[in-house]
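Quick mapping for you: the protein sequence lines, in order, are chains A and B. So for the first sequence, our numbering puts the first residue at 1; every next one is plus one. So for the second sequence, our numbering puts the first residue at 1001; every next one is plus one.
These aren't lab readings, by the way, just hints derived from the structure by calculation. Relax, there's no trap hidden among the hints.
Coverage of chain A stretches by chain B, computed from C-beta distances (three or more under 8 angstroms per stretch; other residues unrestricted):
1) 46-60
2) 103-114
In silico DSS-like pairs for lysine-lysine, Cα to Cα no more than 27 angstroms straight-line:
3) B:LYS1059 x B:LYS1079
4) B:LYS1059 x B:LYS1069
5) B:LYS1042 x A:LYS24
6) A:LYS78 x A:LYS24
7) B:LYS1057 x B:LYS1068
8) A:LYS68 x B:LYS1042
9) B:LYS1042 x A:LYS78
Which residues of chain A face chain B? A few of them, derived with a C-beta cut under 8 angstroms, are:
10) SER31
11) PHE33
12) GLY42
13) LEU43
14) PHE91
15) SER95
The beta-carbon is built from N, C-alpha and C at its ideal position, and this holds for glycine as well.
Chain by chain, the residues run as shown.
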Amino acid sequence: DAGVIQSPRHEVTEMGQEVTLRCKPISGHNSLFWYRQTMMRGLELLIYFNNNVPIDDSGMPEDRFSAKMPNASFSTLKIQPSEPRDSAVYFCASSPLSSGNTIYFGEGSWLTVV
Amino acid sequence: EDQVTQSPEALRLQEGESSSLNCSYTVSGLRGLFWYRQDPGKGPEFLFTLYSAGEEKEKERLKATLTKKESFLHITAPKPEDSATYLCAVQDTGRRALTFGSGTRLQVQP
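Input sequences plus hints: build the corresponding full structure.
Spelled out as structure tokens, the structure:
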């Protein structure tokens, strides 16, 4: 079975540019999560969706960040404009609403803003 | 606010040298405690979920245990392929998202 699929795997962009990260959750999973990982702060929740509806976006750093889930099989995380401090690994994860609540992670999108 | 503290930050073992990793947590209501393994350049890989104090789960050389305030990941006779960062996370009864600790970097030398 295919796991959580993220794209791009690596992106290098210049400060001020728009960045869009994409995620395809595991088929049948109802919850989708965006996490950010840095050496200093570890894994931090940015936002999560249940049944395509944003439930908790308290981790979104500021208005430059936005996330959408237009349907059950696709989500985007957008940063506009990007700044060097946004450099991190961004993980998408998904979970079924039942079956023990296990959350499965993708391989991450490595973002470098120069 | 949920909090998770892992210790030690880093651990170096010789192959075959058993040890334990600690995860202390504070949560208003525990729905589950999760252990993940993360290899460099990869996403966290699920290992275990524990739901109540006294519960234990095993997988190969790993055994996870849970009390009301902490969890331990015991590694018995580790091999070099067990080298990774081990992450602990809690899920509060009030939300589905996980709160992670900062992890323990384990290196097993042959």
